[in-house]
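Residues per chain are reported as follows:
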Amino acid sequence: MTTLEEAAIPTGRTVARGRNRLGRREGRTALFFLLPGLIGMVLFLLVPIIASVVLSFTNWKLLGKPAFVGWANYTRLFTADPQFWPVLRNTLFFTAEYLVLNIVISLGLAVWISSLRRGQRWFRVVFFLPTFTPGIAVAIVWMLIFAPDGLFDSILRSLPIAMPNMLADQTLAMQAVIIVSLWAGVGYNTVLFNAALDMVPANYLEAARIDGATAWDRFWKIRLPLISPTLFFGTVMTAITSLQVFDQIYVMTRGGPGNATSTLGYAIYQRGFQNFQMGYASAIAWVMFAMIMALTALQFWLQRKWVHYDN
Amino acid sequence: MRLSLLLAAAAMAGTSMLIPQVQAEDQVNLTWQMWGDEADTALWQSLADLVTEEYPNIKVTANISGWTDYWTRLPVLASSGQIADIVAMQSMRMPSFYGVLEPLDSYIAADNFDKTAFESSIMAGLSHDGVQYALPYDVGPWLVYYNRDRFAEAGIAEPALDWTFDDFKAAADKLTGGDKFGYAVQAFDFIAQPIALGAEYFNADNQFDLTNDGYVDAVSKIADLVTVDKASPVFTSGTGAISGSSRFASGNAAMYIDGPWVLLQTKDSVKFKMGVAPLPRGAGESRFITAGSGWGVSAASQHKEEAFKALKVLTGPKAAQILATAGRALPGRLAEQSYWYDVAAKDVSGTHETLEYMFKHSTPFRLNENWNEFENLLTQYMPLALTGDASTKDTLANIQSQLP
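Residue numbers (the working numbering), protein chains in the order written: chain D, 1 to 311; chain Z, 1001 to 1404.
None of these hints come from the bench; they were simulated from the model.
Predicted model only: the values in this text are computed from it and were never measured.
There's no promise every hint is true.
For each label pair, taking beta carbons as the anchor points, the in silico distance ranges come out as [claimed, not checked]: (1) Z:1271 to D:40: 41 to 47 Å; (2) Z:1272 to D:171: 34 to 40 Å; (3) D:40 to Z:1106: 45 to 51 Å; (4) D:175 to Z:1368: 33 to 39 Å; (5) D:112 to Z:1393: 49 to 55 Å; (6) D:128 to Z:1272: 29 to 35 Å.
Quick reminder that beta carbons are idealized off the backbone N, C-alpha and C, glycines included.
Put together the whole structure using the sequences plus the hints.
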């Protein structure tokens, strides 16, 4: 036994060593193949991210040498800047309203499309069209529609409904931005949810119908729980993009009137590229990043309560 | 940033290897960054060709980008070391960007260059703290564009050179009716017009003082035309800088304020007889601010001597004549301004007298390094005062609180 064991041990070691060497060689090959992607990621993702952290602690103005200012940018943001809290409030307001409306409308459309006997594909294409239309172009067209004495105003006048101009009014301006965002953003979720609804096994619904479940029950108790993972994905992605909203605001309102539509995304652009306060803009960007992280984490935590993974 | 520096260095090393090392008359390739649209490319190229005609060893290549992009790219190019040898600069942006340009005073002195050939207000506009940083190719004061047909219809006499704000207001009121307006206010009107009325937005230290009585009063007068008289539509924060021109061109508004740099395109887009008049004055003498653009030599250029030579040609009499005849620019050079009057502006009534009068009454355009911020805030916040959501005084106090 002992001799056998003694004989076996060195053999085992050689095998392990051989495997290690093989693993290392394979690892090197793998690294080599991964290198193009890795270099790209380090150069265009990791370096800029680290650079923006460093920048947020400086007073860099694009021109000239940056100086280290410690936490000054963050202190100014949270205590001194009169615009930060309104901007944060606008961002959260936009996200909340847009997210709820987007999910409700796109889910409604998806259910409606999947109930159609004919023309499903056609409707899917129609609703998906805005998704691959450039956002800036969309916003410009809508800006012209909502402009004072534009198409929207003249329609209201002929009805006749007395209403202030959408883009000049402090409350309505944000609603105009939300309408445009919905027009541009609903199609993607519609197609996503529609595909998920089509995947719900027909025999479940068939069995429920035989058991006497109404259409309403079948939707709430079978279809919705079964598409909840897709719904969750749609909600998380939509929340992230709406916290970053920029294009529509840049084109339609430039944050105004007053600060009515000024959001974090627009504030970063304004501070960084209009006022050349790169350090300060980076600090806002990091606050935005932290906020998106926190809200996404919250959503992942909440999903335990309503998302069903069918396995 | 370090990578772009490396790339720039590599590119520079590459080009210097290509250039044969000749003693006196080295072939020099200069880059020239400029804004403009595609239609202008040939025009700028013809100016670049003038340089090679004059100095066969210098070749200038124009690099054109859109107006808005130009100002976003400029600091990025400058801080990454990729800025061109010749850099276009606008007078209102000089306080933010003079640092990227080479002071020209020593070149001007060494060359016995005649500065007096240029209109003096724009030479001042393209300098900073008394140091010249660029030479102008165009200049112009903000003035009133008006629809002569509408004036005739309403039976109003055309504006006199020294008309007052009361005259302006009376005309605007009379020209308003139905769905048409007498005037279309734009954001910049709250800068040019208060100055003409004798108000100041700065204190003695060149810092913003937007809540002083004079400025609040002047801004209120203009805002009242919207809120009280309804003689002008509101503008929105998204289009505050441009909404007036389209309303004027379509005949919806009978007057609007802009510079001579849009005269040619406005003239071509309107279907009525058009005239220009000075901005209305207040109780005192008329006074007007002018703006304009020019070109300077990059402080980072490797070929400053050659760039200055090129600059002299680009802002020279022949180039001014080309730009003026094409209607692209009312030249900063006084002698060549006649080409613009006689060719580009010949169908527009009052151009020559108006501009001559305005240049005679020009006042220094006071700016500081936060100027862009101020202009953007005016566009963003003034709609609050125009819709009556906030008083003019509160709106100005709000803007002031956001400026350093």
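*Please flag the earlier hints that this structure goes against, numbers listed from lowest up.*
1, 6
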